[in-house]
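Going left to right, the sequence shown walks through residues 1 to 155 as our numbering numbers them.
Just so you know, these hints were derived from the structure itself, not from any lab. Positions of the beta carbon are idealized from the N, C-alpha and C atoms, including for glycine. Errors might be hidden in some of the hints.
Below are the EDC-like pairs computed for lysine to aspartate or glutamate, each with C-alpha atoms no more than 20 Å apart in a straight line [as the list claims (entries may be wrong)]:
{"#": "1", "residue 1": "Lys34", "residue 2": "Asp127"}
{"#": "2", "residue 1": "Lys34", "residue 2": "Glu122"}
{"#": "3", "residue 1": "Lys44", "residue 2": "Glu19"}
{"#": "4", "residue 1": "Lys142", "residue 2": "Asp120"}
{"#": "5", "residue 1": "Lys34", "residue 2": "Glu19"}
{"#": "6", "residue 1": "Lys142", "residue 2": "Glu122"}
{"#": "7", "residue 1": "Lys34", "residue 2": "Asp120"}
{"#": "8", "residue 1": "Lys110", "residue 2": "Glu19"}
{"#": "9", "residue 1": "Lys137", "residue 2": "Asp39"}
{"#": "10", "residue 1": "Lys25", "residue 2": "Glu37"}
{"#": "11", "residue 1": "Lys137", "residue 2": "Asp101"}
{"#": "12", "residue 1": "Lys137", "residue 2": "Glu92"}
{"#": "13", "residue 1": "Lys137", "residue 2": "Asp127"}
{"#": "14", "residue 1": "Lys137", "residue 2": "Asp148"}
{"#": "15", "residue 1": "Lys15", "residue 2": "Glu37"}
{"#": "16", "residue 1": "Lys44", "residue 2": "Asp29"}
{"#": "17", "residue 1": "Lys110", "residue 2": "Asp120"}
{"#": "18", "residue 1": "Lys44", "residue 2": "Asp143"}
{"#": "19", "residue 1": "Lys44", "residue 2": "Asp127"}
{"#": "20", "residue 1": "Lys44", "residue 2": "Asp120"}
{"#": "21", "residue 1": "Lys110", "residue 2": "Asp127"}
{"#": "22", "residue 1": "Lys110", "residue 2": "Asp39"}
{"#": "23", "residue 1": "Lys15", "residue 2": "Asp148"}
{"#": "24", "residue 1": "Lys25", "residue 2": "Glu92"}
{"#": "25", "residue 1": "Lys142", "residue 2": "Asp127"}
Pair ranges (Cβ atoms, derived) [unchecked claim]:
{"#": "26", "residue 1": "Lys137", "residue 2": "Gly62", "range": "15 to 21 Å"}
{"#": "27", "residue 1": "Thr48", "residue 2": "Lys142", "range": "14 to 20 Å"}
{"#": "28", "residue 1": "Lys25", "residue 2": "Thr50", "range": "14 to 20 Å"}
{"#": "29", "residue 1": "Ala87", "residue 2": "Asp51", "range": "32 to 38 Å"}
{"#": "30", "residue 1": "Lys142", "residue 2": "Ser26", "range": "22 to 28 Å"}
{"#": "31", "residue 1": "Ala23", "residue 2": "Phe56", "range": "23 to 29 Å"}
{"#": "32", "residue 1": "Arg135", "residue 2": "Phe57", "range": "23 to 29 Å"}
{"#": "33", "residue 1": "Gly88", "residue 2": "Asp127", "range": "27 to 33 Å"}
{"#": "34", "residue 1": "Ala113", "residue 2": "Leu36", "range": "26 to 32 Å"}
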Amino acid sequence: MSQKNSPYTDTALAKRLGEHLSARKSIDDLLGIKLLEIDAGYVKMSMTVTDEMTNFFGSTHGGAVFALADSAFALSCNSHNKVTVAAGCSIEYLRPSFPGDTLTATAHFKGGAGRQGIFDIEINNQDGVLVAVFRGKSHSTKDSILPDEETETQA
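Just need the whole structure built from these sequences, with the hints factored in.
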């Protein structure tokens, strides 16, 4: 899943980080977001929409869809063992989803420079229909998530 000159190259490390970060209590627990797959610079997560996640019109609230995409973004950009935060993001809502739908967010590292990275996340429903697209810009710090791990340092 990694690209040339990418800090996202170590699949085994990404899996350890996914387990470590997913074990922490977070909004993912509240929304029922589950980690399905993780690799270096890649994550797939899912969430089943409940009645409590709807807006005035009975479709999924944009904030719930955003939270799923943001969680996939967060795990994918932290899969190289450097504490990485969002520097910006945007989302485009294309179709509604509804209670009972299972949404899947798939995040991919697209490229970067220095300590900045760009990630694209697609959110699909259980039928594979594209519901939303999210783009996140990340900023990696020099701090390690798992301090005992040897990792390549991003320039």
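Status of the hints after comparison with the structure:
Between Lys34 and Asp127, the direct Cα distance comes to roughly 18 Å. Compliance with the 20 Å bound is thereby established for this hinted pair. For the given pair, Lys34 sits about 16 Å from Glu122 by alpha-carbon distance, which is consistent with the 20 Å threshold. Distance restraint check for Lys44 and Glu19: the Cα-Cα separation of roughly 14 Å lies within the 20 Å cut-off, and the hinted pair is therefore satisfied. About 23 Å separates the Cα atoms of Lys142 and Asp120, which puts this hinted pair outside 20 Å; it is violated.
For a cut-off of 20 Å, the pair hint linking Lys34 to Glu19 stands: about 11 Å separates their Cα positions. A C-alpha spacing of about 28 Å is found between Lys142 and Glu122, which places the hinted pair above 20 Å, so the restraint is violated. A C-alpha spacing of about 19 Å is found between Lys34 and Asp120, which places the hinted pair at or below 20 Å, so the restraint holds. Restraint check: the Cα-Cα separation between Lys110 and Glu19 comes to about 23 Å, which exceeds 20 Å; the hinted pair is violated.
Between Lys137 and Asp39 the CA atoms are separated by roughly 19 Å; this keeps the pair inside 20 Å, and the hint holds. Distance check on the hinted pair: Lys25 and Glu37 sit about 19 Å apart at the alpha-carbon level, within 20 Å; holds. Simply put, Lys137 and Asp101 have alpha-carbon atoms about 28 Å apart, too far for the 20 Å limit, and the pair is violated. Between Lys137 and Glu92 the alpha-carbon distance is near 15 Å, which keeps this suggested pair within the 20 Å criterion.
Taking the CA atoms of Lys137 and Asp127, the gap is near 28 Å; set against the 20 Å cutoff, the hint is violated. With a C-alpha separation of about 27 Å, the suggested pairing of Lys137 with Asp148 is violated against the 20 Å cut-off. Taken as a hint, the Lys15 and Glu37 pair is honoured in the structure, with Cα atoms around 9 Å apart against an allowance of 20 Å. A distance of roughly 16 Å separates the Cα atoms of Lys44 and Asp29; the hinted pair therefore holds under the 20 Å criterion.
This hinted pair checks out: Lys110 and Asp120 have alpha carbons roughly 7 Å apart, not beyond 20 Å. Under the criterion of a C-alpha separation no larger than 20 Å, the hint pairing Lys44 with Asp143 is inconsistent with the structure, at around 25 Å. A C-alpha spacing of about 16 Å is found between Lys44 and Asp127, which places the hinted pair at or below 20 Å, so the restraint holds. At most 20 Å may separate the alpha-carbon atoms for a hinted pair to count; Lys44 and Asp120 meet this at roughly 12 Å.
For the given pair, Lys110 sits about 25 Å from Asp127 by alpha-carbon distance, which is inconsistent with the 20 Å threshold. Taken as a hint, the Lys110 and Asp39 pair is honoured in the structure, with Cα atoms around 14 Å apart against an allowance of 20 Å. A C-alpha spacing of about 15 Å is found between Lys15 and Asp148, which places the hinted pair at or below 20 Å, so the restraint holds. For a cut-off of 20 Å, the pair hint linking Lys25 to Glu92 is broken: about 28 Å separates their Cα positions.
Straight-line distance between C-alpha atoms of Lys142 and Asp127 comes to about 40 Å, which puts the hinted pair past the 20 Å bound. Against the hinted window of 15 to 21 Å, the Cβ-Cβ separation of Lys137 and Gly62 comes to about 20 Å, which satisfies the hint. Distance hint check: the CB atoms of Thr48 and Lys142 are about 38 Å apart, inconsistent with the given range 14 to 20 Å. One distance hint, 14 to 20 Å for the beta-carbon pair Lys25 and Thr50, holds here, with the actual separation near 19 Å.
Distance hint check: the CB atoms of Ala87 and Asp51 are about 34 Å apart, consistent with the given range 32 to 38 Å. Our hint of 22 to 28 Å for Lys142 and Ser26 holds, since their Cβ atoms are close to 24 Å apart. Between Ala23 and Phe56 the beta carbons are some 36 Å apart, a value that contradicts the proposed interval 23 to 29 Å. Between Arg135 and Phe57 the C-beta distance comes to about 26 Å, which sits within the given range of 23 to 29 Å.
For the pair Gly88 and Asp127, the supplied restraint of 27 to 33 Å holds, since their beta-carbon distance comes to about 31 Å. Checked against the hint of 26 to 32 Å, the C-beta distance between Ala113 and Leu36 comes to roughly 30 Å, which is consistent with it.
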